[in-house]
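Numbering (mature numbering (1 follows the signal peptide of the UniProt record, and there is no 0)) for the sequence shown: -22 to -1, 1 to 151.
Just so you know, these hints were derived from the structure itself, not from any lab.
From the three backbone atoms N, C-alpha and C, an ideal C-beta is built for every residue, glycine too.
Do not take every clue at face value.
Per label pair, the in silico range of CB-to-CB distance [stated by the list, open to error]:
#	residue 1	residue 2	range
1	Arg39	Ala80	48 to 58 Å
2	Ser3	Leu37	11 to 21 Å
3	Pro13	Leu41	38 to 48 Å
4	Ala38	Thr58	37 to 47 Å
5	Arg(-17)	Ile14	56 to 66 Å
6	Thr(-20)	Ala4	45 to 55 Å
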Amino acid sequence: MITLRRAALIVLAAALASVCIAEISAQPPPPPHRPIALLPPHPAPPPGGDATGAITTILARPLFRPDRRPVAVAARGDSTLPRLSGILIGPSLRLAIFTPAAGPTRLVKQGGRIGAYRVSTIAATAVTLTAPGVRLVLTPHFAGTPDAPPPSAQPDPPLRPHGLPLIQTPGRQ
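Could you build the full structure based on these sequences and the hints that come with them?
Pasting the structure below:
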């Protein structure tokens, strides 16, 4: 009886092996022959006319920004204003380091001038420039890093009435 079971298992294993070999060695049927449609020699122009506007829009969108929005341009940006590349703060000295597109780097003290702007405050993380009616807050932008957002143009703060004390909070300048 045990030999009959063994014989049945051997026959079953041989049948399964032959089915597997037949499946593996079988060639897939050739794909049906389909006629190839020839394309027209020149593609049709896009509906609505010229594609130059669409190409300009596509190229204006940065490829590696997650939102693919065009880079914002400052409304009152001063293209002659050099890049703020560093801030030095010591016990008795505060300097802003500006790097123009061409020319030497400039060190400007608090109260000094850079172009049409006066350096009104130098803090650890930002420099405030003022001009008549305009206040720019710049943060350092290092060479080789993606462009920083344009400086924020804010109106001058209102003047306090003469004779009233200025309230200062400890730890803030």
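Against the structure, the hints come out as follows:
{"no.": "1", "hint": "Arg39 with Ala80: 48 to 58 Å", "result": "violated (29 Å)"}
{"no.": "2", "hint": "Ser3 with Leu37: 11 to 21 Å", "result": "violated (54 Å)"}
{"no.": "3", "hint": "Pro13 with Leu41: 38 to 48 Å", "result": "holds (39 Å)"}
{"no.": "4", "hint": "Ala38 with Thr58: 37 to 47 Å", "result": "violated (24 Å)"}
{"no.": "5", "hint": "Arg(-17) with Ile14: 56 to 66 Å", "result": "holds (58 Å)"}
{"no.": "6", "hint": "Thr(-20) with Ala4: 45 to 55 Å", "result": "violated (35 Å)"}
Hint violations for this structure: numbers 1, 2, 4, 6, all remaining hints satisfied.
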